[in-house]
Amino acid sequence: THFRITLRRSAISLGSRIQGTLAALGLRRRMQTVYHPHTQEAAGMILAVKELVEVQNVPASAVRTAGQQRAERKAPRGFVVVGS
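In the UniProt record's numbering, the protein residues as written are 1 to 84.
Wrong hints could be hidden among the right ones.
Each pair of labels, with its calculated beta carbon distance range [as the list claims (entries may be wrong)]:
| # | residue 1 | residue 2 | range |
| --- | --- | --- | --- |
| 1 | 8 | 70 | 13 to 21 Å |
| 2 | 59 | 9 | 45 to 53 Å |
| 3 | 70 | 38 | 20 to 28 Å |
| 4 | 60 | 28 | 23 to 31 Å |
Calculated directly from the structure, the hints in this document are not laboratory data.
Since this is a predicted model, take the numbers as computed values, not measurements.
By construction, the Cβ of each residue, glycine as well, lies at the ideal position given by its N, Cα and C atoms.
Please model the entire structure based on the sequences and the hints provided.
Right, here's the structure in full:
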């Protein structure tokens, strides 16, 4: 299984150590979501920034890449091309 990590609070006024931890997790902006496998390293980084992030345990089938997340949020086109 994996961790689903979402950055909820900004780290603007926090120290460089916290900002570096967020960068190592791959979080750059608020409400951004990343997935990491369950490892001791990932758990330690999450504990270091636990006040800023929301963490959920998800199965491997629920892991989405950034492109897949973007495609899921995209609105339907509203029309269908018929013919050539």
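Quick rundown of the hints versus the structure:
1. For residue 8 and residue 70, the Cβ-Cβ distance of about 20 Å falls inside the hinted range of 13 to 21 Å, so the restraint holds.
2. Between residue 59 and residue 9 the beta carbon distance is about 27 Å. The supplied range of 45 to 53 Å is therefore violated.
3. Against the hinted window of 20 to 28 Å, the Cβ-Cβ separation of residue 70 and residue 38 comes to about 25 Å, which satisfies the hint.
4. With their beta carbons about 24 Å apart, residue 60 and residue 28 fall inside the hinted range of 23 to 31 Å.
Of the numbered hints stated above, the single one contradicted by the structure is hint 2.
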